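Chemist: One line per chain: the protein sequences are A and B, in this order.
Residues 203 to 436 in the working numbering are what the first sequence spells out, letter by letter.
Residues 33 to 223 in the working numbering are what the second sequence spells out, letter by letter.
Please keep in mind that the hints were generated in silico from the structure rather than gathered at the bench.
Predicted model, so just to flag it, every value in this text is computed and none were measured.
Please note: incorrect hints may appear among the correct ones.
[As the list claims (entries may be wrong)] Interface residues of chain A toward chain B, partial, derived using beta-carbon atoms under 8 Å:
no.: 1; residue: Leu229
no.: 2; residue: Ser282
no.: 3; residue: Ile301
no.: 4; residue: Leu308
no.: 5; residue: Val310
no.: 6; residue: Val356
no.: 7; residue: Ala390
no.: 8; residue: Ile391
no.: 9; residue: Pro393
[What the hints assert, rightly or not] Listed below are the simulated DSBU-like cross-link pairs for lysine-lysine, each with C-alpha atoms no more than 30 Å apart in a straight line:
no.: 10; chain 1: B; residue 1: Lys65; chain 2: A; residue 2: Lys407
no.: 11; chain 1: B; residue 1: Lys66; chain 2: B; residue 2: Lys133
no.: 12; chain 1: A; residue 1: Lys407; chain 2: B; residue 2: Lys66
no.: 13; chain 1: B; residue 1: Lys66; chain 2: B; residue 2: Lys126
no.: 14; chain 1: A; residue 1: Lys419; chain 2: A; residue 2: Lys407
no.: 15; chain 1: B; residue 1: Lys65; chain 2: B; residue 2: Lys133
no.: 16; chain 1: B; residue 1: Lys97; chain 2: A; residue 2: Lys292
We treat Cβ as the ideally placed atom computed from N, Cα and C, and that holds for glycine.
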Amino acid sequence: MTDTAYGDIWREGLWRNNPALVQLLGLCPLLAVTGTAINGLGLGLATTVVLLISNVTVSLVRHLVRPEIRIPVFVLVIASAVTAVELVMKAWFHDLHTILGIFIPLIVTNCAIIGRAESFASRNAPLPALVDGLAMGTGFTAVLVILGMMREAVGYGTLFRQAHLMFGSGTDWLTVTLVEDYGGVLVAILPPGAFLGMGLIIAVKNVVDARTRGRRKAAVAASAPALDGQGAVP
Amino acid sequence: MAEYLTLLFGTIFVNNLVLSRFLGLCPFMGVSKKADTALAMGMATAFVLTLSSVSSYLASTYLLKPLGLEYLKTVTFILLIAVIVQFTEMVLHKTSPLLYKVLGIFLPLITTNCAVLGVALLNVQQDHDFIASALYGFGGAVGFTLVMVLFASIRERLDVGDVMPSFRGAPIALVTAGFMSVAFMGFAGMA
């Protein structure tokens, strides 16, 4: 694979085909755990690790598995990876594991993961599959952290509170207090805030996409004026 | 008896699977363009959810716990759910072609519906007994169907509404779901 192909994989994962923003996959954990940025980061990283393991494994066995039974095999691979990640988190990130609760085992039913196994990993060599897992996982994590930051800033007036859950004790200096003595807007932390915040993020992406498209069209029109003298059709 | 009623009411309204527990959002967003398909999806889910809730309870109590294999619950439950979905599909196909035609296309989707696995896991987490597990699965499914149909009806209206271009499609649907969630918060504390 060439470098441009890898660049494409990254662009797909982070923006153009972002699992959360464009494909609307894995919404359940996305909305459920983003009460704070750190929780979002924790689940994002766990999902990324599972995605890496499952993508590489599926890619390695892609010639051995008959097409008829591929979906059950993928599901088993993912479920095993999730179990491993869950045990690791229980051992070393116990508090975070308690907070994220059932959403760690529920990574199994994150459609984004089986989607990548089916549409990318089962058709490509292990290395591109690894990069694809990393790109998709990073895109997903980024959305989790951004939504978490939004909800935390509005809800608690802080950023990265309870950093010790993720990075160990002594790292609470990471917490940024945006507003002193903030009363807190409860609705941002409660379920409705998740739906509203996610709606806003997708709307912003739509605006940015529309702008880029407009600019690209203008650039094309400027560089290649149409023969009839009226410019490109708007 | 009273506690079971409270549990049922609680799972339908107060701890609604979709709006307050964030389970089953994929079909909630994906299959809610029309009210009648939403109802069909809800019914298919209700059947599988109740059955899988009960059988995962049995598997966890009589198989995993005595053997000390609780850490395998995720793998076991997802396998059980896949088998139940496949089984339901085969039975429907043989016995009721009409029902199969209505529900058939939704059945494969249910395997990756996190509400089904989520309810099985919550049953273990909250130490439900046999009847409570069955009620939790059934109540959760009724709540899911209720919200699906309500949401689909709103979306049918939204399609003809004049929405800002950047909010068309998914964003406005999510904002709508947010307001529905606010409404359902009104049930908090009732059970």
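Chemist: Output the indices of the hints that this structure fails to meet, ascending.
Modeler: Result: hints 3, 6, 7, 8 break, sorted rising.
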